[in-house]
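Knowing the structure of chain B, use the given hints to seat chain D on it.
There are 2 protein chains.
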Amino acid sequence: MRLSPETPYLFVDTDRLDRNLRSMAQWATEHHVLLRPHAKTHKCAQIAQRQLDAGAVGLSVATIGEGEAFADAGVDDLFIAYPLWLSEGKARRLRALAGRVTLAVGVDSADGARRLAAGLAGAPVRVLVEVDSGMHRSGVSADGAAEVATVARDVGLDVVGVFTFPGHGYGPGTARTDAAGQEAAALAAATAALRERGFTVSVVSGGSTPTVRLADPGVVTELRPGVYPFNDAQQLELGSATVDDLALFAIATVVSRSGDRIVLDAGSKILGADRPGWTTGFGRLPDHLDARIVSLSEHHAVVEFPAGATVPDLGDLVRAVPNHVCTAVNLVDELFAGSAHSDVLEVWPVIARGANS
Amino acid sequence: MRLSPETPYLFVDTDRLDRNLRSMAQWATEHHVLLRPHAKTHKCAQIAQRQLDAGAVGLSVATIGEGEAFADAGVDDLFIAYPLWLSEGKARRLRALAGRVTLAVGVDSADGARRLAAGLAGAPVRVLVEVDSGMHRSGVSADGAAEVATVARDVGLDVVGVFTFPGHGYGPGTARTDAAGQEAAALAAATAALRERGFTVSVVSGGSTPTVRLADPGVVTELRPGVYPFNDAQQLELGSATVDDLALFAIATVVSRSGDRIVLDAGSKILGADRPGWTTGFGRLPDHLDARIVSLSEHHAVVEFPAGATVPDLGDLVRAVPNHVCTAVNLVDELFAGSAHSDVLEVWPVIARGANS
Numbered sequence: 391m392r393l394s395p396e397t398p399y400l401f402v403d404t405d406r407l408d409r410n411l412r413s414m415a416q417w418a419t420e421h422h423v424l425l426r427p428h429a430k431t432h433k434c435a436q437i438a439q440r441q442l443d444a445g446a447v448g449l450s451v452a453t454i455g456e457g458e459a460f461a462d463a464g465v466d467d468l469f470i471a472y473p474l475w476l477s478e479g480k481a482r483r484l485r486a487l488a489g490r491v492t493l494a495v496g497v498d499s500a501d502g503a504r505r506l507a508a509g510l511a512g513a514p515v516r517v518l519v520e521v522d523s524g525m526h527r528s529g530v531s532a533d534g535a536a537e538v539a540t541v542a543r544d545v546g547l548d549v550v551g552v553f554t555f556p557g558h559g560y561g562p563g564t565a566r567t568d569a570a571g572q573e574a575a576a577l578a579a580a581t582a583a584l585r586e587r588g589f590t591v592s593v594v595s596g597g598s599t600p601t602v603r604l605a606d607p608g609v610v611t612e613l614r615p616g617v618y619p620f621n622d623a624q625q626l627e628l629g630s631a632t633v634d635d636l637a638l639f640a641i642a643t644v645v646s647r648s649g650d651r652i653v654l655d656a657g658s659k660i661l662g663a664d665r666p667g668w669t670t671g672f673g674r675l676p677d678h679l680d681a682r683i684v685s686l687s688e689h690h691a692v693v694e695f696p697a698g699a700t701v702p703d704l705g706d707l708v709r710a711v712p713n714h715v716c717t718a719v720n721l722v723d724e725l726f727a728g729s730a731h732s733d734v735l736e737v738w739p740v741i742a743r744g745a746n747s
Numbered sequence: 391m392r393l394s395p396e397t398p399y400l401f402v403d404t405d406r407l408d409r410n411l412r413s414m415a416q417w418a419t420e421h422h423v424l425l426r427p428h429a430k431t432h433k434c435a436q437i438a439q440r441q442l443d444a445g446a447v448g449l450s451v452a453t454i455g456e457g458e459a460f461a462d463a464g465v466d467d468l469f470i471a472y473p474l475w476l477s478e479g480k481a482r483r484l485r486a487l488a489g490r491v492t493l494a495v496g497v498d499s500a501d502g503a504r505r506l507a508a509g510l511a512g513a514p515v516r517v518l519v520e521v522d523s524g525m526h527r528s529g530v531s532a533d534g535a536a537e538v539a540t541v542a543r544d545v546g547l548d549v550v551g552v553f554t555f556p557g558h559g560y561g562p563g564t565a566r567t568d569a570a571g572q573e574a575a576a577l578a579a580a581t582a583a584l585r586e587r588g589f590t591v592s593v594v595s596g597g598s599t600p601t602v603r604l605a606d607p608g609v610v611t612e613l614r615p616g617v618y619p620f621n622d623a624q625q626l627e628l629g630s631a632t633v634d635d636l637a638l639f640a641i642a643t644v645v646s647r648s649g650d651r652i653v654l655d656a657g658s659k660i661l662g663a664d665r666p667g668w669t670t671g672f673g674r675l676p677d678h679l680d681a682r683i684v685s686l687s688e689h690h691a692v693v694e695f696p697a698g699a700t701v702p703d704l705g706d707l708v709r710a711v712p713n714h715v716c717t718a719v720n721l722v723d724e725l726f727a728g729s730a731h732s733d734v735l736e737v738w739p740v741i742a743r744g745a746n747s
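If you read the sequences in order, they're chains B and D.
Just so we're aligned: the first sequence equals residues 391 to 747 in our numbering.
Just so we're aligned: the second sequence equals residues 391 to 747 in our numbering.
Just chain B, same shape as in the assembly:
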């Protein structure tokens, strides 16, 4: 369908998307690691299907709501990679989801395990214990994992393995390689600790797009990268993606101009406000790599160009790449997808937008 969406909107370059999906699937096959992509990035049935078609064993999600959305879309194997704390309502929804799909969930405390067992009331859900590999978010130590696993087993849960997210790999310098090494060490130690207590550890699950190709296939059995279908300005600046790997763009209009400074109609309500200290701005312009998004309001991106650069004119369309594609996608109800070699666009609904619980 020939569509002319109004700016700002999110465009997916399907040639690049497919290439990114193929490349990651091939890497996983070559390294004998299963791929369980994190669907929080795209929240989109069309991309989930492409990932499964390329060989993914299932999807990772962050919330029960995301799981429900992808179950509705026909995905039948899901891992909620999160230490759920079950309210009565969430327990009911989790039991219902377990009746529809092959389901695993995370746990990182003895109390959480007891609460999970009570809430599940025997519903068939596999459990992975979350390990902290250095990000210091959720997760426990190797010994802590063995203790949580033991409590979980005692209360009747089906503990099948361990997982971690090496999110501290999002950083400059050696952060990526350091985090990947710590991921392998933490998962290996936790696996050994569980085996010592008599567990069969069949799933050893790691992350993340910046570290995935640095993961140790001798340790992990599956990986959960999220961002890799699209990539984003963070991946570009980390060196885990090239400009040619960027597959999602905010298409924006120049609405104001003053000298070497322009204002785009793409602000934090379409790009997201993510701005880690090590990034060079609030996103990047792939067609103007020497420009910087120096400030971001809700509906304004202020872009500065170096002296002498060719600055876009008022009314020009400009492509902007968000710093963090997952939060950008979550701001829209639909993605506009198409080949760069065609002017035909498809509308891909963001089926799990706002599915926070």
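None of these hints come from the bench; they were simulated from the model.
Check before you lean on any hint, since a few could be wrong.
Repeated chains share a single entry, so a pair holds when one copy, or any two copies, can fit it.
Straight-line alpha carbon distances no greater than 25 Å define the calculated DMTMM-like cross-link-like pairs of lysine to aspartate or glutamate that follow [to be verified]:
(1) LYS480 x ASP462
(2) LYS480 x ASP501
(3) LYS480 x ASP733
(4) LYS480 x ASP703
(5) LYS480 x ASP466
(6) LYS480 x GLU396
What follows is chain D alone, placed relative to chain B:
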């Protein structure tokens, strides 16, 4: 209705909301300034109606889409405080909106004015020229405003005044008072420059929640604060709101705990990722003012408490205040509103969520 929304969700304390609305309305009355609150903050018909009931002359919005949503909700006087660049589709929508409500829009360039006149084709829309008072986003100088106004008049537009947004008042130290002073100076100079060219300047419009009570009633005729119904962690840390003025909270569950560190299930997909360098974290916990949200993932807020503090337990509900309430509200489809003295909640739809264009 007795509701038990699942965490994380956004709760509006209606007692505090009403007090904030009354207080601002009273200030405006006492200072003989009209109030045209910016609805991008709440995107909510129930709050718009309360603002109008309290004496607001109309609403400000940022996009045509927000204008359409509030026109649908019955609001009949809107100012799109943005230098629109009209595509064919946007021109059609703007003409339609002009047929439904009393409408004003922003302009900050001669080309934008010509484009606007062509797109409007005579539809009755008032025009305000945007002045840059020091934020260096959109807007022009006083002389520039007079030139833009003159072109706008020449192409048949109905220029009624000038506006600015002193967004550089969002900063520590004297930023608020400095920005308020620059706002008054810039608007006074632009008003004088337009009058010199024979314009009747009937609207002189300023912003913003941090600076509104510092505005010069001898210069401005109307003010467009957005955040004041709710306030947020930025306003708290700027000193433009107290803890008791906070009226919107993300209600979150403690899902993980390790010593003095807890993890809440409220991440950047409900709090927003806004994190200006001068803030102390990614939001605040109003019931634990000594705690800090030290990192924010999409579904995790990592909170650190000082040694010896009483740390919430796993499963506890905790109130978190976003840094920037406008982007938080834009992440949800509904707000849950109620009096702190009752357990009855109303559902207030976020009618303009995602209305970016």
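Hint by hint, here is what the structure shows:
For the homomeric pair LYS480 and ASP462, the shortest alpha-carbon distance inside one copy (17 Å) is at most 25 Å, but the shortest distance between copies (35 Å) is not. In the homo-oligomer, the alpha carbons of LYS480 and ASP501 lie at most 25 Å apart inside one protomer (16 Å), although the nearest pairing across protomers, at 54 Å, exceeds that limit. For a Cα distance limit of 25 Å, the shortest separation of LYS480 from ASP733 across copies, 20 Å, qualifies, whereas the shortest one inside one copy, 43 Å, does not. In this assembly of identical chains, LYS480 and ASP703 lie within 25 Å of each other by CA distance solely across copies; the values are 19 Å between and 51 Å within a copy.
Taking the shortest alpha-carbon separations for LYS480 and ASP466, only the intra-copy value of 19 Å comes in at or below 25 Å, while the best inter-copy value is 42 Å. Taking CA atoms no more than 25 Å apart as the test, LYS480 paired with GLU396 passes between copies only; the shortest distance there is 7 Å, against 38 Å inside one copy.
Hint compliance for this structure: no hint is broken.
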